Amino acid sequence: MRHDARRFPLRPPRLRPYPAPPHATEENAGMHKSAVTAALPATESFGFSDPFIGGIMVAEVVSMDEKDAIEVANFRYALIAPVVTGRLRRGELAKYLKEASKREYDIPCSTRKTVHKRTIEKYISLYRKGGFQALIPKTRSDAGSIRMLPKEIVDKAVALKREIPERSVSQIIEILERSGAAEPGVIKRTTLGRHLRKLLPPDELRRIKGSDKRGYRRFEAKSRNDLWQGDCQHGPYLPDPQNPEKKRQTYLIAFIDDRSRLITHAEYYFEENRPKLEDCLKKAIAKYGLPRRLFVDNAAIFSSSHLQRICGELSIHLVHSKVGKASSRGKIEAFFRTIKRSFRPEACHLIASGEIATIEELNERLWAFIDVYYHKRPHGSTKEPPLSRWLSDESPVRFVDPERLKEVFLWTEQRKVNKAGCISLFGITYEVDSYLANKVVTVKFDPYDPREVKVFYQGIQCGVARPLDPTRERALPPAAPKVKQKPTGLSFLDLLSRERERMLREALGRISFTEAVRDDA
498 MRHDARRFPL RPPRLRPYPA PPHATEENAG MHKSAVTAAL PATESFGFSD PFIGGIMVAE
558 VVSMDEKDAI EVANFRYALI APVVTGRLRR GELAKYLKEA SKREYDIPCS TRKTVHKRTI
618 EKYISLYRKG GFQALIPKTR SDAGSIRMLP KEIVDKAVAL KREIPERSVS QIIEILERSG
678 AAEPGVIKRT TLGRHLRKLL PPDELRRIKG SDKRGYRRFE AKSRNDLWQG DCQHGPYLPD
738 PQNPEKKRQT YLIAFIDDRS RLITHAEYYF EENRPKLEDC LKKAIAKYGL PRRLFVDNAA
798 IFSSSHLQRI CGELSIHLVH SKVGKASSRG KIEAFFRTIK RSFRPEACHL IASGEIATIE
858 ELNERLWAFI DVYYHKRPHG STKEPPLSRW LSDESPVRFV DPERLKEVFL WTEQRKVNKA
918 GCISLFGITY EVDSYLANKV VTVKFDPYDP REVKVFYQGI QCGVARPLDP TRERALPPAA
978 PKVKQKPTGL SFLDLLSRER ERMLREALGR ISFTEAVRDD A
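In our numbering, the protein residues as written are 498 to 1018.
No lab work stands behind these hints: they were computed from the structure. A quick note: this is a predicted structure, and the numbers were derived from the prediction, not measured. Treat the hints loosely; a few may be bogus.
Taking lysine-lysine pairs in the DSS-like style, the calculated list, with each CA pair at most 27 Å apart, reads [what the hints assert, rightly or not]:
(1) Lys744 / Lys595
(2) Lys626 / Lys719
(3) Lys595 / Lys626
(4) Lys941 / Lys779
Construct the complete structure from the given sequences, taking the supplied hints into account.
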């Protein structure tokens, strides 16, 4: 006897089809015959003309949930009807199961397109034991209601959402867990989301919606540092250090590793210009090594000859995207959407309360957000934390000597030395060796550290130019305004900052211990 016959014994063709359940009637059988016929794929290979034989019960539909459950049951019955109605000859069951499991279906309430062979066998077993009712999916006893959460947790979550409406449910759960208000893993996102939807009006549940247009083939670099993407984004306004009465726009410059989604470096600046871009890129290379390719747009700061020279000296292939094709830089754009959705609202709240008054304080919160939150959470596309994905990649990393890196990023200008042996550079007067008077020299300097300028004449270094007045008084930054009492007393970015400080202390402790062991040895 065949194995399939032993598992699912078929009635001989001379017998009546498998009897319908006791509650089935001819009247209700016709209610869903069309639905079953539409769901069942063609079965001409077995010589069947009508996939429905025998009556089955359709329960009265009293809600959308029950209606969906009946549609699922109808589909399941249509799938197994050739078997349970006894129309298959002996030996045809295995062939039918194999062919049915390979077909594609429009399965109700599911995104799947196929049904596994074992699943079909399960439906057959369920039907033979309990009839059509056994094919109806079971619903939770508490369906339509909200699962219980402690009132204090719900109240705190509602307060956090009202405080900053742009906070996502996942972010609120992070705040509650990191602040100790809830144990990790206790709050489920869907459960808390239902609470918030029930307790808050729609206008308080608004979210910043970003464009997510599709239509481009997905691409991912083969290894870490094979491709970096870079771009700029407008940031929040901060008090102007030179004029505290006025607000000044900030700009976020960031670079992301294409494969791992690791942020190699990101920083806010008061200007969106060439020096700030190169400063950000230099810090990224110092931390994570050299990329093989650098993919940027056609903005002026990305198209300078100086950036091309830097990439050439470091063996980096500089690639510019096509005009109007921002979607080709989708990974850095996705990171900027994360910043806009999860970081900006929190930062703006702290700026309004006076807890962030300088760009240094803003960057400290940004780096805490990236190091503790973004790098440690599974990414939506890769399903892995960016830092773990970068570290697990065994591809070699090209690091560069710090002194060489500093030398490559120096700016180069030409100046004529006056008869007093001085040159002017960006409004600062520098003194050079007197024998260079009236000669045209090449100067190399760091725009972030103008105290030392290297002087070259005919390709030979001729000492260092130093400012005549190296100490220039600057106004002290304004004192931060008095911090107002916050409604919840919890800040997502402050929690991340404290976690980052703890991580740094542990790292420094491990370094000190290693040095102590080396000294003892």
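Consistency of the hints with the structure:
1. Lys744 / Lys595: With Cα atoms ~69 Å apart, lysine 744 and lysine 595 exceed 27 Å; violated.
2. Lys626 / Lys719: violated, 52 Å
3. Lys595 / Lys626: The given pair, whose Cα atoms are some 23 Å apart, holds under the 27 Å limit.
4. Lys941 / Lys779: Holds, because 16 Å separates the two Cα atoms, which is no more than 27 Å.
Checked against the numbered hints listed earlier, the structure breaks hints 1 and 2; every other hint is satisfied.
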